[in-house]
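> Sequential numbering from 2 applies to the sequence shown in the numbering used here.
I should point out that these hints are in silico values taken from the structure, not numbers from a laboratory. Mixed in with the good hints there might be a few duds.
As the list claims (entries may be wrong) - Beta-carbon label-pair distances, calculated as ranges: (1) R66 <-> D138: 14 to 24 Å; (2) S183 <-> Q155: 27 to 37 Å; (3) S73 <-> L165: 18 to 28 Å; (4) T28 <-> L162: 28 to 38 Å.
Bear in mind that the values here come from a model prediction, so they are computed numbers and not experimental data. Beta carbons are placed, not taken as given, at the ideal position from N, Cα and C, and that holds for glycine.
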Amino acid sequence: MSPSNTLNSSSTCPSLPHSLPFPPKGTLVNALVDQTVCLIQYIWPNSLTNCQILPLKVFVQEILRRSRTSFSCCLTALLYLFRVKSTISKRIGRSPGPRVSNECPYSPILDKETDPTLCGRRMFVAALILATKYLQDRSFANSMWSHLSGLKMQEINRNELVFLSLINYQLYIPYPLFSWWSSLFIHSTHQNSPHPTDGCNQLTGSPRAAKKYSPYDVATNKFASKRKMREASVST
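Can you build the whole structure from these sequences, using the hints too?
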């Protein structure tokens, strides 16, 4: 069974070797960031660009840190991304003109004619929003996700609806499938190998050097404090 078919199946999953213990927290967090970057690059291959913005790895780190995303929410978001991979690949293949890749500017808002599915960063944020809303009793309002990501709220709303359409509103993940997916992550972390596919290149670059060009500045204080973030969270 191919990975794409497996990830859309509610029945059986390929067997994995004997279970392994969770790695140390620091190792787990770093692996989660690295493998998120790997999957985004895998679905949205880099295109030639002169854009000088925050590296994808730092972007993922900041989104996960600022949103305080749990391990299970991030793994669920990655599974959602893998589920829509084939649809997005078709859109990228038939897209006219320059692509909006994971290396293109994250801001300002895309124009109404631009397909947000061509941007890996936007789709990752949309998947993360949906995973958080689905799994948690209380989650951030979209206005808070706008503050966290640097996107305008109308685009957050639009991207969320686009992703829901891509995944056909199928947010439920059977427990055996999620157990297999998380076990695959743990095994790949212990083996220090990319996940879920081999051959993914890691981004390089200094966050300090990229910061001055970025519309997503990690040094700014414009984002809400923890207290305000808690006040802004709403029931799903």
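> With reference to the structure, classify each hint as holding or not holding.
Status of the hints after comparison with the structure:
1. R66 <-> D138: 14 to 24 Å: holds, 22 Å
2. S183 <-> Q155: 27 to 37 Å: Because 34 Å falls inside the window, the suggested range holds.
3. S73 <-> L165: 18 to 28 Å: holds, 20 Å
4. T28 <-> L162: 28 to 38 Å: holds, 36 Å
The structure agrees with every numbered hint stated previously.
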